[in-house]
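Chemist: For the record, the sequence lines run as chains A and B.
Quick note: the first sequence, position 76, residue 76 per the working numbering, numbers continuous.
Quick note: the second sequence, position 432, residue 432 per the working numbering, numbers continuous.
Check the hints yourself; a few may be wrong.
[Claimed, not checked] Below, a list of computed lysine-lysine pairs in the DSS-like style, where the Cα atoms sit at most 27 Å apart:
1. Lys361/B to Lys401/B
2. Lys5/A to Lys241/B
3. Lys235/B to Lys66/A
Rather than coming from a laboratory, the hints here were simulated on the basis of the structure.
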Amino acid sequence: MNTIKKYLGLVWIALAVYSYSILLKTAIERMKLLPTTDTIIQWSIFAIIFLPIAIGFVMFGWMAFKGAYDHLPVASDQVED
Amino acid sequence: MQSTAEKNQIRKVIFASSVGTLIEWYDFYIFGSLAPIIASQFFPKTNPTAALLSTLATFAAGFIVRPFGALVFGRLGDMVGRKYTFLLTLILMGGSTFAIGLVPGYDSIGFAAPLIVLLLRLVQGLALGGEYGGAATYVAEHSPAERRGYYTSWIQTTATLGLLLSLGIILITRKSLAPNDADSIKAFEDWGWRIPFWFSVVLVGMSIYIRLKMHESPLFSKLKAEGKTSKNPIKESLMHKGNLKMVLLSLFGATMGQGVVWYTGQFYAQTFLETACKVDFEQTRTILIWAIIFATPLFIFFGNLSDKIGRKWIIMAGLFLAVISYRPIYTKMLAVASTNDVVLDESKTKIERVINPVNGKDHSIQTTTTVRLYQNGITEKLVHKDTLYANGLEKPQSLDKLSKELPDEGYWTMVVLIFVQIVFVTMVYGPIAAFLVEIFPTKIRYTSMSLPYHLGNGVFGGMTPFIAVLLGTLYAGDVLVGLWYPIAIAVVCLVIGTIYLSNKIDPEVND
Chain A
1 MNTIKKYLGL VWIALAVYSY SILLKTAIER MKLLPTTDTI IQWSIFAIIF
51 LPIAIGFVMF GWMAFKGAYD HLPVASDQVE D
Chain B
1 MQSTAEKNQI RKVIFASSVG TLIEWYDFYI FGSLAPIIAS QFFPKTNPTA
51 ALLSTLATFA AGFIVRPFGA LVFGRLGDMV GRKYTFLLTL ILMGGSTFAI
101 GLVPGYDSIG FAAPLIVLLL RLVQGLALGG EYGGAATYVA EHSPAERRGY
151 YTSWIQTTAT LGLLLSLGII LITRKSLAPN DADSIKAFED WGWRIPFWFS
201 VVLVGMSIYI RLKMHESPLF SKLKAEGKTS KNPIKESLMH KGNLKMVLLS
251 LFGATMGQGV VWYTGQFYAQ TFLETACKVD FEQTRTILIW AIIFATPLFI
301 FFGNLSDKIG RKWIIMAGLF LAVISYRPIY TKMLAVASTN DVVLDESKTK
351 IERVINPVNG KDHSIQTTTT VRLYQNGITE KLVHKDTLYA NGLEKPQSLD
401 KLSKELPDEG YWTMVVLIFV QIVFVTMVYG PIAAFLVEIF PTKIRYTSMS
451 LPYHLGNGVF GGMTPFIAVL LGTLYAGDVL VGLWYPIAIA VVCLVIGTIY
501 LSNKIDPEVN D
């Protein structure tokens, strides 16, 4: 199971990058197509708010790849390490 | 085994926490439910700045400010205490909601009106971001290990009951301002929409009174007495690798999927009924109300069940069922409200035409209402409005609005279809508070659990109706295309949760 967890980490990294690039591409296309205030604000907010989440997903994938989830903590002192 | 005194104490804790959280959800939802009226009062489309503020009020409060509120109030809750922090969020929420009901319209004070409403809406989002984590933590820290899922599931009912209360108050107010429906609806759209906002102050006053009588969480009090509270909860939540990895796992393996299932079942379903199925305003609301009433006890059922079999598999089962059944459910919803290939009962078609002059203007409005009855019992109402200019030189402007009234069979089929979706909500949402509480240590629990919760629900969940509608405009050929967003998110969450999460119930949250 730990091997699956590890290599799926790479899938999460790829998925984060791919999903965010699709979002960004769509946002730019929509803003060019219909440059109204509503469109620009909506898509800018989507792009901005999903950026840290995409980064978080990359970090999650990286941690999984590095084996951080091989063992989940059972006590708080392990969480705080 | 708990003594009677302990049981009474935990009941008081649950009541005090749940009532306040329910009111906060009520306050947050009435703005959303009354969005079209609020937009016409404060955000006229003719003014681009007001339109900009409208967009910000809609998006920023839900997506940006909620997670930010989770950090701000989570930090406060981990440093000062749970009780005073969620008392503060309640006061902020209640005050801003009441104030929205007092703000004069754009016609009276101009640009200041949308600006004030935007600021108040941001305060609402901030307060909501701080409330839930506090209430869930407070209840969990009073609960015995073997009943934690059951007790915290009462907090989980509040979001749905808050929606129910907002729908109910709006429907009652909308119908009771004048002897006949048409005048009452007109009065509601003119000034009566303010009543649900004012009503909040009564609820919040009661809740503050109840919460003031409560004591601080015993685990937090102990931590504080020992001088072990966190000096910087945000730093400890996000900078400690061990804790950060659990924040990320909670988000991607549980709350993001839970968020989209929740918003699909309770909000997108409502939008879909109204815009795709064209079911009329009142039926849409009452269908949702019935479904919520029938499904709400299941939050408690699944919370209780999670104490026996663990949290993980109930949440994962809810995600799985949602993924495989959304498209069949929505296909059925379309079929129930469809009049395609259904024979029209021509003899019962009624057409009524009324011309109303507009005071002080050189035009009048001609309203043509066509009511058709189909053999499957659906009554279709098409309201066509023409603006007729006195000089006859300008082209008349037209506006059509189609709505359908379902017969009893179709109505109750819709109730069942929405009920099934809310059952999925109860599966993913009922055990989630206990699940999140058990992951994080007491001294940074408020901050750590609030962040993935509000990112999952505010960002992934809150965006569901918007992204679904956007997908619908990008790929106009498929009415169900909007469902791919919640399905895709739920699939990823299901895979991550299944593989990475543990089903173990933490017997000791006192650490």
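Chemist: Check whether the Cα positions of lysine 235/B and lysine 66/A lie no farther apart than 27 Å.
Modeler: Between lysine 235/B and lysine 66/A the Cα gap is close to 22 Å, so the pair holds against 27 Å.
Chemist: Run the distance test for lysine 361/B versus lysine 401/B: straight-line Cα separation, threshold 27 Å.
Modeler: Status holds; Cα separation ~24 Å.
Chemist: Do the alpha carbons of lysine 5/A and lysine 241/B lie within 27 Å of each other, as the hint requires?
Modeler: Distance of about 18 Å is within 27 Å: holds.
The structure shown violates none of the earlier numbered hints.
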